[in-house]
Structure formats: C-alpha cells, structure tokens
Amino acid sequence: KAGVTQTPRYLIKTRGQQVTLSCSPISGHRSVSWYQQTPGQGLQFLFEYFSETQRNKGNFPGRFSGRQFSNSRSEMNVSTLELGDSALYLCASSLDGTRTEAFFGQGTRLTVV
Amino acid sequence: GEDVEQSLFLSVREGDSSVINCTYTDSSSTYLYWYKQEPGAGLQLLTYIFSNMDMKQDQRLTVLLNKKDKHLSLRIADTQTGDSAIYFCAERMWANDYKLSFGAGTTVTVRA
Chain A
1 KAGVTQTPRY LIKTRGQQVT LSCSPISGHR SVSWYQQTPG QGLQFLFEYF SETQRNKGNF
61 PGRFSGRQFS NSRSEMNVST LELGDSALYL CASSLDGTRT EAFFGQGTRL TVV
Chain B
1 GEDVEQSLFL SVREGDSSVI NCTYTDSSST YLYWYKQEPG AGLQLLTYIF SNMDMKQDQR
61 LTVLLNKKDK HLSLRIADTQ TGDSAIYFCA ERMWANDYKL SFGAGTTVTV RA
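Residue numbers (our numbering), protein chains in the order written: chain A, 1 to 113; chain B, 1 to 112.
Any given hint might turn out to be false.
[To be verified] Derived list of chain A stretches under chain B, where covered just means 3 residues or more per stretch with a C-beta under 8 Å from a C-beta of chain B: (1) 38-50; (2) 71-83; (3) 100-107.
Since the hints were derived computationally from the structure, they do not count as laboratory data. Here the structure is a predicted model, which means the values were calculated and not measured. Yeah, the Cβ is synthetic: ideal placement off N, Cα and C, and Gly gets one too.
All chains should be modelled from the sequences, with the hints used to inform the complete structure.
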C-alpha cells in the first residue's frame, strides 16, 4: 500500500513568487491536512480538507490557500512568498480526519531566497 | 504547540530504556499520539492512545497516560542507535477536531 506522496521534495523560490505543493493521500483516505514546520514555531496546522471541503483552518494569512480534488489529492498554494515562509511543509492523510491515525508524507522543503 | 509541552533533549545509553514525557493542557483531549522524525524525513506515527486507556504496549514501546495529571509518556525499551530522532507528542482535542496540536519535540540521542 503506497504511503503519502508529496511533490516536489525540494523547492527554491524567490521572494514575491508563488508556489504550489502537491499531496497524494493513501488510497481510500479522504482527509488531507497540511502543516508547516519551522525551527522557531515548530509544527503549525494550516488547514484540513475532506471531500473537497475545507473543514478547519489555522492562523495563517490569506496568502496560504489550498484545495482538494475529487480523487482526494490536495494542493496548497502560497502567494507572494516571504523569507519567513521557508519551512518544511507536511501533509497528513487519514480516513476521516477525526478519530483515526494520521499518516504523514516526507514533506516539501521550501526555501525562499 | 503551546498546549502541549515536552522537554527538549534526552540522552540515553544504548540498551537502556528511554522515557519521553509530555504534558497537555486540555482535559477534553480524546486521542494522544507519538510521532518520530528522523533528519530530513517526515513524521512517522509510532503509536497513539485513546483517552479512556491508561496504557498501551506495542513491542518495545509503552505509552502511559495519566489523565488526572494530563501527563503522557513514551517508554522505549532496549534503546538502539536507530532510535535517535526527534519525538513529537500530539493531541487531538475532541472527536471532530480535524487538527493535531504538537509539542516542540524531544531530541533523543543514543550514545554507545
């Protein structure tokens, strides 16, 4: 059974640009959550999607957005990149996003220069 | 992660037991998780415990939950060099809470 797949693994962008990250959940899982990991702030929740609907959102500016497709794959987009957006972005997959386990992908390492 | 607290570092000798501690502040937490992160990697789910349980054992891992003190611990028996990593405690506060709140992580170093 394939795990959670995040692409790309590494990304370097310039300030002001935008970026799109992709996450393919485990087959049969319908919930996808996104987290940002930085040395200073640790792991912070961005948002969660289930059946193409955003159910919960963390305290991030509107530059951070996401969506989920009918096959449960999810993308997150960051517009007008800032240096502080440099982080490891992790995606978590679970059956329904509530009581069950959440499995994480390897993450996308975004560096903004 | 301000609702979940962990000590930052733990050094243990190979073959000894490691105990990683975590405290959480919300008594309504339903599920509590332990994740492991190795350098350059994502988070690996080690185990989780439901709030109506006191203990859960899975091979070398033992999770203890003290709801009264809001204290969670992870014991790793016979610690090996491959156990060197950052360990995160996380809580899901209620059944329909769609996010996990993480602690800052405990860096475990296994010395020979």
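Consistency of the hints with the structure:
1. 38-50: holds (count 6)
2. 71-83: Since three or more residues must qualify, the claim that chain B covers the region 71-83 of chain A is violated, with 0 doing so at under 8 Å.
3. 100-107: Held - the region 100-107 of chain A has 7 residues with a Cβ nearer than 8 Å to chain B, which meets the minimum of three.
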